[in-house]
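**Q** Protein chains in written order, with the numbering used here: chain Y, 1 to 206; chain L, 207 to 278; chain R, 279 to 1246.
Among these hints, one or two may not hold up.
In silico SDA-like cross-links for lysine to any residue, where the CA-CA straight-line distance does not exceed 20 Å [stated by the list, open to error]:
#1 Lys-274/L <-> Asp-613/R
#2 Lys-584/R <-> Asp-613/R
#3 Lys-245/L <-> Glu-28/Y
#4 Lys-516/R <-> Lys-245/L
#5 Lys-274/L <-> Arg-920/R
#6 Lys-1173/R <-> Arg-1154/R
#7 Lys-516/R <-> Gly-91/Y
#8 Lys-516/R <-> Gln-268/L
#9 Lys-274/L <-> Glu-541/R
#10 Lys-274/L <-> Asn-910/R
#11 Lys-274/L <-> Gly-862/R
#12 Lys-49/Y <-> Arg-920/R
#13 Lys-545/R <-> Glu-11/Y
#14 Lys-136/Y <-> Gly-862/R
#15 Lys-258/L <-> Leu-177/Y
#16 Lys-256/L <-> Asp-76/Y
#17 Lys-136/Y <-> Lys-274/L
#18 Lys-178/Y <-> Lys-545/R
#19 Lys-872/R <-> Gly-862/R
#20 Lys-241/L <-> Glu-11/Y
#21 Lys-258/L <-> Asp-166/Y
#22 Lys-922/R <-> Ser-273/L
#23 Lys-516/R <-> Thr-242/L
#24 Lys-258/L <-> Lys-178/Y
#25 Lys-178/Y <-> Glu-541/R
#26 Lys-178/Y <-> Asn-271/L
#27 Lys-241/L <-> Leu-177/Y
#28 Lys-178/Y <-> Asp-561/R
No wet-lab data here; the hints were simulated from the structure.
As the structure is a prediction and not an experimental result, all values here were calculated from the model.
Given next are the chains, with one letter for each unit.
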Amino acid sequence: MARMKFLCDSERCIECNGCVTACKNENEVPWGVNRRRVVTLGDGLPGEKSVSVACMHCSDAPCMAVCPVDCFYHTDEGVVLHDKDMCIGCGYCFYACPFGAPQYPQSGAFGQRGKMDKCTFCAGGPEVDHSEEEFKKYGRNRLAEGKLPLCAEMCSTKALLGGDGDVVSDIFRDRALKRGKGGEMWGWGSAYGKPEPGTKKPEVKS
Amino acid sequence: MSKFAIALLITVFGLSACGDKEGVVVYKQGSYSGKTDGKPWENAAFAGDKSKWDNSIRARGQNQNESKRIGD
Amino acid sequence: MLIKKSSADSNTARRGRLSRSIQGTSYSAQLPEAIDRRTFLKRSGVGIGAGAFASQLPFSMIDKAEAMGSKPKGSDAVEIKRTVCTHCSVGCAIDAEVQNGVWIGQEPVFDSPLNLGAHCAKGASVREHGHGEMRLKTPMKLVDGKYQKISWDQALTEIGTKLLDIRKKSGPDAVYWIGSSKHNNEQSYLLRKFVSFWGTNNCDHQARICHSTTVAGVANTWGYGAMTNSYNDMQNAKAILFMGSNAAEAHPVAMLHVLHAKENGAKIIVCDPRFTRTAAKADQYVRFRSGTDIPMIWGILYHVFKNGWEDKKYIDDRVYGMEKVREEVMKWTPDKVLEATGATEEQLFQIAKTMAENRPSSIVWCMGQTQHTIGNAMVRAFCVLQLALGNIGKSGGGANIFRGHDNVQGATDIGPNPDSLPGYYGIVPGAWKHWAAVWGVDYEWIKKQYASEAMMTKPGITVSRWIDGVLEKNENIDQDSNLKAVVYWGMAPNSQTRGKEMLEAMKALELLLVIDPYPSATAAMAAKARKDGVYLLPAATQFETVGSVTASNRSLQWREKVIEPLFESKPDHVIMYLLAQKFGFEKELTKNIKVTNNEPSMEDTLREINKGCWTIGYTGQSPERLKLHMKNMHTFDVKTLRAKGGPCDGEYFGLPWPCYGTPEMKHPGSPNLYDTSKHVMDGGGNFRANFGVEKDGVNLLAGDGSASKGADLQFGYPEFDHVLLKKLGWWDDLTEEEKKKAEGKNWKTDSSGGIIRVAMKVHGCHPFGNAKARASVWNFPDPVPVHREPLYSTRPDMVDKYPTHDDKKAFWRMPTLYKSVQQKNKDVGKEFPLILTSGRLVEYEGGGEETRSNPWLAELQQEAFVEINPRAANDRGIRNDDWVWLKTPTGAQLKVRAQVTERVGSDTCFMPFHFSGHWMGEDMLQYYPEGAHPLVRGEAVNTATTYGYDSVTMMQETKTTVCQVVKA
Ligand code: SF4
Ligand code: SF4
Ligand code: SF4
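I would like the entire structure built from these sequences, with the hints used as guidance.
**A** Here it is, written out as structure tokens:
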């Protein structure tokens, strides 16, 4: 069973924002809502590192646990999605999320929060696959086309990997072995928990 | 604060802040109460063939491995 | 649903940074302190913590986008159109998904050997072009200071009449044609032909101000003015030195190959005045003072010579003039280098050692080296370093010169250049006769179109100087009339220096014509400067037409048409044809080219190019061969670019030029230039014999035993012509048919391609001969590169030691000043103590109007800024994010945000060059045609840049000038 994960290799990421605009492009995300963004640490200083961040689709998702209306669900592939028709825009998932992934467009004249929006792993949402409804609320459903998230597929340096956790960690491990350096797998631990014994998880080096 | 307490608080807040919400949704703490979603292979492209879908996903995954394309 | 809808009060929403003051909660707690404004708050528009709730900025175009572009993939058939990114020279392939004529999706092309599916921000957002709203939608005319919509008919009639009028009154040289490096090859080529038939050499394009110094410097060193190897070949390098290139922002997908090489052990070195994102990935970074590239390189070469690391056999066999270089280099002792550059002996020794011990080692340069008054010398110094190390003509080595725009290489090769007809034939009568024959027009007829034969063979004004063509006193310029009309055909005005004077020049014109998909800053500047006499014509983008494009590595790719031209726009070649009709030479323009509905066939145009461009091997790339490559990308190897099996077996991807001879000869293209380890029919070669066979008694031909693999002549030889063929007894290898055409011709002018065929295919020899590269280029002002201080320098002591050139009188038709400007401004550093340099942001391209009109990109960089070191900022009481005035000696001042960062040294300020639309503190929004302004506007650095031009090519100085920054 495929278990979908994201991994950003900070040794590779050059902060080109390809992943960010790929997401905008594929999901027609409006100005002001950023499902994915790139964070740079030590900007302009030796040792500068960048990492691309979006919803990590946590194994034990804090957003899900705190949602008062239980609009989140985990798909069989490990993707964390939510039903926008239920979302009340309360913002609790944002506070719970270790990655700041949930986003809220402003709605109405009084600056009320709109329904939460976040990365869907390009898997649409709880509507008929490829329907107008699904696209308008959640964006494109690439998984249902047998494809992976566009941000990862288009990353300029293949720093951002997305897909079946085993495949992704294999790719990363081979690369890390070759260069003799792991690179920070930023967020992997907090999203997916400690590597389980016996499973081949890439090493986390800080 | 325990998770449960947060959940409680939120429930109260949620209800009071959203008076205009249709009153038909029943909140059941701890389990998803929204619309159901289909499987990604249950559509025209894959006609319910999960292994076909798995293969497609695996192949796409390898596209992110430039060493594969480069051959080293 | 909310994700798609915009709120009602969109017009009152504040554009710009949205959450600057809000500090983070959960998210920021995750991160170390040092997240800077630029990379996070400013870019995300959402930012940290509670910022996620900040107001968004909806635009009307989001609804429009929804209507046009964003359909789910429903049941209707989806067509896949393969095209190529238009934003840089990497040449990333794109699969566009089109449904009912609407561009609904964009898929990565994993099969492409160039980009393997990868894209930077620009490439990943090109679909926006398919429904972008901020386009120029109809022809427009400036009436009483406002742009008004007019019909194509009216526009063409009025423009045609006015231009013909000016031509009659002031001659054909009174009109200046600025073409585009974003035109495809066929359009670029047609434009050069078009301008010739109009009767002038006054035409140019972006290459002048991006890599003209490279092209001239490199071609004069070893033969061709282009990147020698490829992005892909850098995977074979063991060390790579970047100097004046910030590939991570300017050519992001190149970094896929570079980082892959790094992981395989290659050492990455970056020398730059600024700690760039590329530097962040380097093993060694050295900061140096802007404009001192030659002392840096000589400082490195000093250690190479001192330690005997040069490749002596290679130099003996293949290089002319290295001893002269050595003399100059050994003068640059480490103390002198330190004094000039700020780099230490140890740092440069380390670079020399890394480059020497990790061969093949490669170098990369871009505009950091080219845009200087001595750019031609800087690039040659870099070439010399590689020659000394024996790295040229080797896989993994080479001079990897990254070009800028997607087709700047192609437009340089065959486009609107003021000093050459397509294919670097020059503009001597012989060149005109060659092309007249290819075009099927009478040489005498072309001559009549020109003011005189003298003007026909005199290089035109360069784009960097058109403003002086308007403003300079008539007696000082080397043509009859001053410029009266300028045509901006796919070029941004804010990419040229001295913007303040440009505004004056615009005022003085009789007619300004802008042809562009985006109305560009030209339209806004023009409306600020004048009340009438400006026309705008909407051009189609490259996604709305077909044609070939040459990537930096010389590979040609064929673009399919993704969608029909949006709004009332027309492809550039259609506009050319329509204007030619007005001028009465449309028949001559398209003699060999089929025209359907006013559209000249791009395939036929390429076939005509194939028939004429023997010099640089643009002859083998027939449309059929290119299309086959586009369909079979997966068969090409990534490291060698060579097809393994399949229909393109043995060919290199995109038939990188030179792809010699006729398409039937099946030359595979040349992946790495001058590579003697391969047979010429396998893409091998050697240095070009273009400078005679001897100089002052010294042999210029290659040494004995040095030749391309398998050549019948294993020694140096001159270029092939009918005489040489006969002398060698090879004349009878020609067919009777070929003999008729080849008689009296050389390999460049033989229209049968027979001389090339016999030399290459039968005898394995290079048609352009086999010579040495020139470390000393005797026809340039400084044959051996010499350091000269920029005209505006903060170091009067250096000006004394390393003064600039003497003033020149008639240089590209213009008087050009050096010493007088430098002397006058010797103490300019007192008032303007900071060095001002400029460069790229990954989100934007060139002048930036197109990319700043794309909301997916514009959201990421919302304001122009200046980077200033904390020390310099504190001395001026400036804090991060403050508004500041940046002032320069031209009297211009720019209002920008200060970004206080260690990225620049304390003597240097950096500004990105992509902004326009603010003019010394004023937002120019009101001057743009309605609904066609870029979403993000800001101060253009070039509004404030100073005078200064390269002594060979008239490249403008943008990289080293001076400024002062004060709190606003
Ligand atoms: S990253 Fe945040 S939003 Fe995504 S699953 Fe984890 S907690 Fe939820
Ligand atoms: S596309 Fe890749 S390299 Fe570029 S910012 Fe995103 S993760 Fe980093
Ligand atoms: S701008 Fe250059 S690197 Fe970026 S996607 Fe386009 S071609 Fe590739």
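**Q** Can the restraint linking Lys-49/Y and Arg-920/R be considered satisfied, given a maximum Cα separation of 20 Å?
**A** Violated - the C-alpha atoms of Arg-920/R and Lys-49/Y are around 35 Å apart, more than 20 Å.
**Q** Quick one, are Lys-1173/R and Arg-1154/R close enough, alpha carbons at most 20 Å?
**A** 16 Å, holds
**Q** Holds or violated: are the alpha carbons of Lys-274/L and Asn-910/R at most 20 Å from each other?
**A** It holds: about 18 Å lies between the C-alpha atoms, which stays within 20 Å.
**Q** Next pair to validate is Lys-178/Y with Glu-541/R; report whether the Cα-Cα distance is within 20 Å.
**A** Measuring from Cα to Cα gives roughly 6 Å; hence the hint holds.
**Q** Taken at face value, is the distance from the CA of Gly-862/R to the CA of Lys-274/L at most 20 Å?
**A** 56 Å, violated
**Q** Between Lys-516/R and Thr-242/L, does the CA-CA distance stay at or below 20 Å?
**A** Not OK: Lys-516/R and Thr-242/L at ~55 Å, beyond 20 Å, violated.
**Q** Are the Cα positions of Lys-178/Y and Asn-271/L separated by 20 Å at most?
**A** 13 Å, holds
**Q** Straight-line Cα separation of Lys-136/Y and Lys-274/L no greater than 20 Å?
**A** Distance ~36 Å between Lys-136/Y and Lys-274/L Cα, so the pair is violated.
**Q** Please verify whether Lys-178/Y and Asp-561/R have alpha carbons no more than 20 Å apart.
**A** 16 Å, holds
**Q** Tell me if the straight-line CA distance from Lys-136/Y to Gly-862/R falls inside 20 Å.
**A** 52 Å, violated
**Q** Straight-line Cα separation of Lys-256/L and Asp-76/Y no greater than 20 Å?
**A** 12 Å, holds
**Q** Has the given pair, Lys-922/R with Ser-273/L, been kept, meaning a C-alpha gap of at most 20 Å?
**A** Since the Cα atoms of Lys-922/R and Ser-273/L sit roughly 17 Å apart, the hinted pair holds (cutoff 20 Å).
Comparing the model with each earlier hint shows violations of hints 1, 3, 4, 7, 8, 11, 12, 14, 15, 17, 20, 23, 24, 27; every other hint is respected.
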